[in-house]
Amino acid sequence: MAYRRRDFLKLAGLGGVVFASGLNRVANAANATGASAAAHDDFYFVQLSDTHWGFEGPPNPDAKVTLRKAVAAVNALAEPPDFIMFTGDLTHTTDDPKERRRRLTEFRGIVGDLKVKSVRFMPGEHDAALDRGEAYQELFGKPYYTFDHKGVHFVVLDNVSDPAANIGEAQLQWLAADLKRLPKDARIVVFTHRPLFDLYPQWDWATRDGAKAVDLLMPHANVTVFYGHIHQEHHHLTGHIAHHAAKSLIFPLPAPGSQPKRAPLPWDAAQPYKGLGFRNVEAEIKKAEYGITELPVEAVKKG
Amino acid sequence: MTFGRGMKILAVAAVLGAGAVAMRAAAQTEEPVIKVVAKKFDYAPSRIKLKKGVPVTLELTTLDVAMGFNVPELGVRADIVPGKVVRVRLVPEKTGTFTFFCDIFCGSGHEDMTGTITVE
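Chains as they are written, first to last, in the numbering used here: chain A, 1 to 303; chain B, 1001 to 1120.
Pulled out of the complex, with its shape left as it was, chain A reads as follows (with noise of 0.2 Å):
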């Protein structure tokens, strides 16, 4: 069946998990722009991640068609999304520069199988941490960017270019600049590829600088971060910023020091692509909320 946009609350009965998120507070607040927010439309994205093109191994021994079963599930949605996004680990990392170009060439051609053409990426450190964005800039452009649709405030952060996993002084000193000029109660939605907190140091599941990013965020009213990385879906908040991880496209990961090392799940042939999958966002403007429905990978199934 293919998954109608209002349904969302309906879909927890057929493998969708829905989560509201956002404040209540500001409703009918000025938007960026200044202009009311009950001016501008609902509207929803998707939000894909992790799918590590070019793995291989026991974790997905499917590797080589799950991206595209996504983009055909994605591509089966009843109504479109307003745009699609992608947050991080594109690809599998490896030490052949030739290789990564290769691997991150093969992803945009796939990928590009998508109807909705609204597509925006941004790397994850598989991508771009071993050359510092080198390959992926060549292919991608640039690694943090902002855009803005409905009245809402996008801003993609990069904190994997720096093998280190610092977002860095330059581009801290840029998002500030840019919320400076933001109203207080701005719809502000993050995307980054790590954590901005730390979810668990012991994995390296944080940022080394991502407090700094949080602290300039805080004043704002409306803030939401999506991210990547963890390979599971996961929901914390720092003061009144939620943050958001998305499932995985290529191998699920264990709940946070849940088990000694952060090996992937096994792949559990009864069940294929369990703990795989990626999200609708439904955003409502006017409340400042996010409906999240978490989606299997192989969403089109007839009947």
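Please note that a few of the clues may not be correct.
[What the hints assert, rightly or not] Chain A is nowhere near these chain B residues, computed Cβ spacing over 12 Å in every case: (1) 1031; (2) 1036; (3) 1037; (4) 1051; (5) 1053; (6) 1056; (7) 1079; (8) 1084.
[Stated by the list, open to error] If you want the footprint, here are the derived chain B segments under chain A, 3+ residues with CB under 8 Å: (9) 1058 to 1072; (10) 1097 to 1109.
[Said to hold, decoys possible] Far from chain A, by Cβ distances over 12 Å, these chain B residues were calculated: (11) 1030; (12) 1035; (13) 1049; (14) 1087; (15) 1091; (16) 1094; (17) 1119.
None of these hints come from the bench; they were simulated from the model. Virtual Cβ for every residue (Gly too), placed ideally from N, Cα, C.
Using the hints, position chain B against chain A.
Relative to chain A, chain B alone:
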């Protein structure tokens, strides 16, 4: 006066003995040093045992690329740069087993690059 063969051996033994005493004295006053060698994608040793309250110096080196050494629960982290010896002094104040890991992305086995420090 000339030394016979037996006297020469005795003299050498005396020098060696004095040296051994001096080394023991130094060991009693200096903190222990544990050498940890990093390479893609492991540490040697990967299991380190320490005693609570006893200072130790970790001597960190890497055989290939830049690596990190991070033990958040003990408040220790360092960049390990190729060609340099990085020394980190540590006085463990709590007992338990604590994970250390590389926090500078170093390749396809980076996620497996971990070890433990057990403090008794």
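Going down the list of hints, with the structure as the test:
{"no.": "1", "hint": "1031", "in the structure": "holds (26 Å)"}
{"no.": "2", "hint": "1036", "in the structure": "holds (17 Å)"}
{"no.": "3", "hint": "1037", "in the structure": "holds (20 Å)"}
{"no.": "4", "hint": "1051", "in the structure": "holds (22 Å)"}
{"no.": "5", "hint": "1053", "in the structure": "holds (23 Å)"}
{"no.": "6", "hint": "1056", "in the structure": "holds (20 Å)"}
{"no.": "7", "hint": "1079", "in the structure": "violated (7 Å)"}
{"no.": "8", "hint": "1084", "in the structure": "holds (16 Å)"}
{"no.": "9", "hint": "1058 to 1072", "in the structure": "holds (count 4)"}
{"no.": "10", "hint": "1097 to 1109", "in the structure": "holds (count 9)"}
{"no.": "11", "hint": "1030", "in the structure": "holds (31 Å)"}
{"no.": "12", "hint": "1035", "in the structure": "holds (23 Å)"}
{"no.": "13", "hint": "1049", "in the structure": "holds (17 Å)"}
{"no.": "14", "hint": "1087", "in the structure": "holds (20 Å)"}
{"no.": "15", "hint": "1091", "in the structure": "holds (20 Å)"}
{"no.": "16", "hint": "1094", "in the structure": "holds (15 Å)"}
{"no.": "17", "hint": "1119", "in the structure": "holds (15 Å)"}
The structure fails to meet hint 7 from the earlier list, while all remaining hints are met.
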